[in-house]
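> Residue numbers (this note's numbering), protein chains in the order written: chain A, 1 to 400; chain B, 1 to 400.
In case anyone wonders, no lab produced these hints; they're calculated from the structure. Since we're looking at a predicted model, the values are computed, not measured. Don't take every hint at face value.
For lysine-lysine, the following DSS-like pairs were computed, each having C-alpha atoms within a straight-line distance of at most 25 Å [unchecked claim]:
(1) K11(A) - K244(A)
(2) K149(A) - K374(B)
(3) K180(B) - K44(A)
(4) K180(B) - K400(A)
(5) K325(A) - K143(B)
Selected chain A positions facing chain B (Cβ under 7 Å, derived; list incomplete) [to be verified]:
(6) V74
(7) Y136
(8) D151
(9) E155
(10) I398
For each residue, glycine too, the CB sits at the ideal point set by N, CA and C.
2 protein chains.
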Amino acid sequence: MEFLECLFCQKKYPLDLFDSFCPDCREPMLYPSPPKKRRFYPGKNYPLERFLDFLPLSKLDASLNLGEGNTPLVKLNRLIERTSLPNVFAKNETFNPTYSFKDRGSAVAFQKAVAMGLERIGTVSTGNMASSTAAYGAKAGLKTFVLLKEDTSLEKTLSVGIHNPELIRVKGDYGELFTKSFSIGRKYNIYFMNSVDPFRVEGYKATGFEIFFQLNHRAPQFIFVPLSSGGHLMGLMRAFLDLKKEGFIQQVPIFVGVQAQGCAPLAKAFASGKSKFERIKKAETIAHAISNPDPAGGNISLRMIKENNGMILDVSDEEIIEAQKMLAELEGIFCQPASATTLAGLLKFSKNVKFKTRVNIVLVITGSGLKALKSIESSRINVHQASLSDLENTIGSILK
Amino acid sequence: MEFLECLFCQKKYPLDLFDSFCPDCREPMLYPSPPKKRRFYPGKNYPLERFLDFLPLSKLDASLNLGEGNTPLVKLNRLIERTSLPNVFAKNETFNPTYSFKDRGSAVAFQKAVAMGLERIGTVSTGNMASSTAAYGAKAGLKTFVLLKEDTSLEKTLSVGIHNPELIRVKGDYGELFTKSFSIGRKYNIYFMNSVDPFRVEGYKATGFEIFFQLNHRAPQFIFVPLSSGGHLMGLMRAFLDLKKEGFIQQVPIFVGVQAQGCAPLAKAFASGKSKFERIKKAETIAHAISNPDPAGGNISLRMIKENNGMILDVSDEEIIEAQKMLAELEGIFCQPASATTLAGLLKFSKNVKFKTRVNIVLVITGSGLKALKSIESSRINVHQASLSDLENTIGSILK
Chain A
1 MEFLECLFCQ KKYPLDLFDS FCPDCREPML YPSPPKKRRF YPGKNYPLER FLDFLPLSKL
61 DASLNLGEGN TPLVKLNRLI ERTSLPNVFA KNETFNPTYS FKDRGSAVAF QKAVAMGLER
121 IGTVSTGNMA SSTAAYGAKA GLKTFVLLKE DTSLEKTLSV GIHNPELIRV KGDYGELFTK
181 SFSIGRKYNI YFMNSVDPFR VEGYKATGFE IFFQLNHRAP QFIFVPLSSG GHLMGLMRAF
241 LDLKKEGFIQ QVPIFVGVQA QGCAPLAKAF ASGKSKFERI KKAETIAHAI SNPDPAGGNI
301 SLRMIKENNG MILDVSDEEI IEAQKMLAEL EGIFCQPASA TTLAGLLKFS KNVKFKTRVN
361 IVLVITGSGL KALKSIESSR INVHQASLSD LENTIGSILK
Chain B
1 MEFLECLFCQ KKYPLDLFDS FCPDCREPML YPSPPKKRRF YPGKNYPLER FLDFLPLSKL
61 DASLNLGEGN TPLVKLNRLI ERTSLPNVFA KNETFNPTYS FKDRGSAVAF QKAVAMGLER
121 IGTVSTGNMA SSTAAYGAKA GLKTFVLLKE DTSLEKTLSV GIHNPELIRV KGDYGELFTK
181 SFSIGRKYNI YFMNSVDPFR VEGYKATGFE IFFQLNHRAP QFIFVPLSSG GHLMGLMRAF
241 LDLKKEGFIQ QVPIFVGVQA QGCAPLAKAF ASGKSKFERI KKAETIAHAI SNPDPAGGNI
301 SLRMIKENNG MILDVSDEEI IEAQKMLAEL EGIFCQPASA TTLAGLLKFS KNVKFKTRVN
361 IVLVITGSGL KALKSIESSR INVHQASLSD LENTIGSILK
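Excised from the complex, chain A in its bound form (with noise of 0.2 Å):
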C-alpha cells in the first residue's frame, strides 16, 4: 500500500488519488522518500526514466509520453555583461509540448492515473495547467474534464480545447470550485490532478535534477522561482533535498520565491515572520499566471523556505516588465510575465548583496510569452513603414 505523509502533522495516511490534504490539518501532503538508496540511469532517452528511483512510479509507460523535459539551461551572457552579476542561467521551461513546466507535473500525474487504472481526470485552471492537462489527457486517451473560470478568454478556451476535453466554464468562486472539484471527483471517479497534487509535485523534481546534471554534477547556489500555489517550488525543492540525502550534494540551493506585488499572500507572510499565509481579497497583477490570492501550497512553501534557508520576495508589475523586456532584448527569451518575476527578483535581491564570481544562480522560466500576448502594450513596441520605394532610404536613415 502506498502513503502520503503531512509535514504538519507528521503523519502518514494511505494514499487517496480523490484527497491529498491531510484529513487532520487539511494541509496538501507529499509523497515520501522510499528508504531505499537512489540512483540514477543517465543513459537513458525518456527524461523520466533517468530518474525512476526519484520518483513515486514502479515503471513507466512509454506511450504517455509527449516528450517532455530535457529542457535547456542557457547561459545569460549579455544579462551578466550589462548587470555586472554572477554566472546567470535560464532553465527554460517553455521548452516542454505544451510550453510550460506544467508539462512536467502532468507527465509524472498521468503516468500515476494510468498505473492505477484511472479513466477519468480532471483541473480546475484557466492557464497553463489547463491546456497541459487537456494534452496528456488526449494523448493518455482518457476522459479529460477542465474547468475554467467564467470569464476565460476565446483564446485560451481555444488553446485548451483544440484537445477536445470536457470544458466546462464555472460561474462562482474559484477557491471554493478547487475545493468542491476533490468531492465531485470523489463521486464520479474523476482523479482532479490539480496544482499541489502530490505527483504533480514529485514531476517537477526532474526540472531539478536536470540542472544538477546540467551544472555538472553540483547545484547551483541560487535558484528563483515565480510562486503561486507553492507546487513547482516544493518540487524544485525536494529535488535537491532529495540529491542532499543521497550525497550527491552537500548543500541545497537558496531558493528565491517570487511573487507579484499585487498578489503576495506568501511574501508578506514571509516578511512579517508568520508561518501561515492570509488570503489576499484582492489580486491585481500583469502576472496572471501566479495570480493566486489563496495558495493552496502556501504554508508548506512558507515551512520548506524556512527550513532550508531560503526566502519569499515581491516585484512590481514595472520591475517585471522590464524584466522581461530585458530577457527578450537581451537575451532573445519572450516569457510570460509571471516567468519574468525570476529576473525581477534577482536584480531587486541584488541591490542588497554582492555575489562571489563563482556563484551560479538559476531562474526558471516558466512559461512562454505567445500565452500572455495580451499583457504587452503595443505602445511598447516600435513600428517603422516604408513602400518598397524607400525602404532603402528608411533603412539608412535608422542607421544613422
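Model the placement of chain B on the given structure of chain A, informed by the hints.
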C-alpha cells in the same frame, strides 16, 4: 576561401553572404559537402556540436545558443490504432526557442554571421522566421532588421517586436521585397538570412540527423514535411544524403513534400512532370505558414525530389483541419495548420498504398498552434456552462 555551388549549372562560386543565388541561373546555391570523411560527436551536450563535421562551420560560439534542437520524436500510438497505419512518429520541432523549425536554420546562420564578423542581419518574413531571427539577433547582440508585410497582425508584430529588432512594415509586393532585400543588404552590410539562405538550409540538417539517432541509427522509410520555399525540405534531404555518403545508411527516405491546395505551385509542377514551377496568382489557404506563391527554392526542391524518388502532394483546407484535430485530440499535439499538412498528406497517400508493418514514417511538425489561434473557428470547440451549485449535475449528465 569558401564556395557555394549551383545544382543546376554545376558550378561553384565564391561565398557572398549578400547574394547566395547563382550568377548564371539565379537559383539558390547550396553549401558543398567537404571532401573529408565526416563523423559525429554524440557525447556533446550542445546539439550543433554533435554534427559539427556536417555543418558549414569550423567552430561554434556557445554564447549564441538559445537551446535549439534535441526535439522529441514521439510515436503516435493512438493515431496508429485508429488508422491501422504502421509506425508513425512526430518529430516535434515546436520544442525550439521560438516554437518552430526556423530556429534550426537561424542557429547556424547566426553562427556564420558572427564567425564572419558581420554586425547587421535581417530577414523578410511575417511569421515563424521573423520571431526566430529577432530572438537570435537579440541573443547575439546584432543589429537586426525584420521586414514585415503591410498587413501583419498586431499579435505577430508583438511577438517579434518584443525582442526589439528594427521592425519595418513595408508596403508593396512581397516577392519584390525578397529580391530587393539583398541589394539593400549589400549596400548597408546587412546579411539578409531569408528562407532559402544556404546556412539556414544546412541548419535544417540537424533535424534529420536527430531523427536518424532517435531511430537507433536507422533512416525512416518516409518523411512527410510541409513544403513552402523548399529550404526546410532541402536541408532534411541533405542530412540523409550526407548519411548515405558517409555510409551510415544504405537508402535515403522517401520524402513527401506537402502543400496546401490553395497554394500548391510545386505540387502542380510535380503532378505534370515539369522541372520548373509556375508562380501562383492568388494564394488562399488556412495554412498561412506555407502559403508561398513563388517559392525561391521551388525548382531545386523539384529536382531533389525527383532525383531521390520523393513526391509532392497537395491537401485541402478541410483535410488540414481534420488532421490538426486528430493530432490534437488523439496525440496531444497542437500544431499550426501548415504542420498538419503532414498528417493530411499521409492519410491521403495511404488511401492508395499498403504499408508494410515494419515501415517507419516521420511527420515533421514545424510550428506551434499557439501562433495560429485565429485559424481555429470557435464553433469547433464545445463548452459546457455550469454554476458551482449545478456543476455536479452537469458532470453527471456528461457522463451519462
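> Should the interface hint for E155(A) be scored as holding, given a Cβ-Cβ cut-off of 7 Å against chain B?
holds, 6 Å
> Using 7 Å as the Cβ threshold, decide whether D151(A) counts as touching chain B.
Check failed: Cβ of D151(A) comes no nearer than 13 Å to chain B, outside 7 Å.
> Given the hinted pair K11(A) and K244(A), is their alpha-carbon gap at most 25 Å?
Distance ~23 Å between K11(A) and K244(A) Cα, so the pair holds.
> Hold the hint about V74(A) up to the distance rule: shortest CB distance to chain B must be less than 7 Å.
Cβ of V74(A) sits 5 Å from chain B, so the hint holds.
> K325(A) and K143(B) were given as a pair; does the straight-line alpha-carbon distance stay at or below 25 Å?
holds, 17 Å
> Given the hint that K180(B) pairs with K400(A), does the C-alpha gap stay at or below 25 Å?
Holds, at about 20 Å.
> Between the alpha carbons of K149(A) and K374(B), is the straight-line distance 25 Å or under?
With a Cα-Cα distance of about 22 Å, the restraint between K149(A) and K374(B) holds, given a limit of 25 Å.
> Holds or violated: Y136(A) as interface residue toward chain B, Cβ cutoff 7 Å?
Where the cut-off is 7 Å and the nearest Cβ of chain B is about 6 Å from Y136(A), the hint holds.
> Do the numbers back the hint for I398(A), that is, is its least Cβ distance to chain B under 7 Å?
I398(A) check passes; min Cβ-Cβ to chain B is 5 Å, inside 7 Å.
> Against the 25 Å threshold, does the CA-CA distance of K180(B) and K44(A) hold or violate the hint?
Roughly 49 Å between the alpha carbons, so the hint for K180(B) and K44(A) is violated.
Of the hints listed earlier, those the structure fails to meet are numbers 3, 8, in rising order.
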